[in-house]
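Use these hints to put chain B onto chain A, whose structure you have.
Those protein sequence lines, which keep their order, are chains A and B. Under my numbering, think of the first position of the first sequence as 1, with each following residue one higher. Under my numbering, think of the first position of the second sequence as 1001, with each following residue one higher.
A few of these clues could be false.
What the hints assert, rightly or not - FRET-style restraints, in silico, Cβ to Cβ:
1) B:L1176 <-> A:T98: 53 to 63 Å
2) A:L190 <-> B:V1100: 55 to 65 Å
3) B:P1146 <-> A:L182: 44 to 54 Å
4) A:R17 <-> B:R1126: 36 to 46 Å
5) A:E187 <-> B:G1180: 53 to 63 Å
6) B:G1180 <-> A:D186: 34 to 44 Å
7) A:T98 <-> B:P1023: 15 to 25 Å
The set of hints was computed from the structure by calculation and includes no laboratory data. These numbers were taken from a predicted model, which means no experiment stands behind them. Built from N, CA and C at the ideal position, the CB exists for glycine as well.
Number of protein chains: 2
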Amino acid sequence: MSAYARPVEVLIDELGRLPGIGPKSAQRIAFHLLKVDTVDARRLADAIVAMKENVTFCERCYNVAEGANCAICTDPARDQSILCVVEEPKDIAALEKTGVFKGVYHVLLGVMNPLEGIGPENLKIRELALRVAAEDITEVILCTNPNLEGEMTAAFIASKVLAPFEVKVSRLASGLPVGGDLEYADELTLGRALEGRHGFS
Amino acid sequence: MSAYARPVEVLIDELGRLPGIGPKSAQRIAFHLLKVDTVDARRLADAIVAMKENVTFCERCYNVAEGANCAICTDPARDQSILCVVEEPKDIAALEKTGVFKGVYHVLLGVMNPLEGIGPENLKIRELALRVAAEDITEVILCTNPNLEGEMTAAFIASKVLAPFEVKVSRLASGLPVGGDLEYADELTLGRALEGRHGFS
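One chain only, chain A, in its complex shape:
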């Protein structure tokens, strides 16, 4: 005999497949859902189904979209000639919060990772090349994460994918975080901050 009723076991199992949810968390969430009103639990189930039915990836930039194209691609106020390449749609949210970037995006839906067998063919890199070839793009900013996988992916795109095109290719600046402390910066970041030093304005 299992410890719980079968439907509870099934739910704990399904919750345990979610990223960052271990067996103990899955159990806690399942019992929470068992205790709350049926309408509240149902609202979560409905939200999952509604999202899967109504949200897809933008056909042009692979951001999340409710129709064929995302809200940014269909915004006439955005500069269509500057392209920001990011790993995931959530990176767009982070960049949009800055209010600094007025161009459009291209989401790779992942990052190159040889250890996990993720190569350029698993990402939207071919689609990026097709876009740069077909659209009137003057600058591509590579905004992958400043870690090993992100740097490798950015280097691959710059040297192998965008080299044949006449576009300006740039990378996000590395350096000290605003409000940070020299003493606690790691040597790589501090080294990058030194290399990237600029005139005092």
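Same frame as chain A, but now just chain B:
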């Protein structure tokens, strides 16, 4: 304009209401569900609905149950005269794993917590008194957690609820965990272990 499509925002909001899920985790889970196959996401939604439809609390002991009574209450092999009082159904799973207890359970569905306004009237304590009055129970083991709230609840039940009845009332032993180390035990636990010392066998 919000950063994501509306159904994604709704799902992130709903996920954020779950215990132990912060805004970042909710976002990560939502994007995970966006990426996986629709059947996989649907399976999670269905598991939530199925559990809410098929699982309730046992009418007798408030454990999770698929029918009116739970699997333990309906098991003829269990000793119906020994009652183990626990806070939550998940505590039953922990006790069952030991294989030591052959009696039945009573779940309080919570613990007394004056700071959060949870008093005896919010728990299944009245139901416990009715059970002890109506059923042929000889011993009640108070298995609430060995923390402030659990001890308070156990003390309340022992002194105010079970005192009028002729039942043996016991509490789980406190002491050093098996495989533990004297040096690292906190003074309260070590004090309890000393108080609870028993003859060398």
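To see whether the hints hold, each was checked on the structure:
1. Distance hint check for L1176 of chain B and T98 of chain A: the Cβ-Cβ separation is about 54 Å, which falls inside the suggested range of 53 to 63 Å.
2. In this structure the hint that L190 of chain A and V1100 of chain B lie 55 to 65 Å apart at CB holds, the actual value being about 58 Å.
3. Here the CB-CB span from P1146 of chain B to L182 of chain A is close to 47 Å, well matched to the stated 44 to 54 Å.
4. In this structure, R17 of chain A and R1126 of chain B meet the distance hint of 36 to 46 Å, their C-beta atoms being roughly 40 Å apart.
5. A beta carbon spacing of about 41 Å between E187 of chain A and G1180 of chain B contradicts the range 53 to 63 Å that was offered as a hint.
6. For G1180 of chain B paired with D186 of chain A, a C-beta distance near 38 Å keeps the hint of 34 to 44 Å intact.
7. Evaluation of the 15 to 25 Å hint for T98 of chain A and P1023 of chain B yields a pass: the beta carbon distance comes to about 18 Å.
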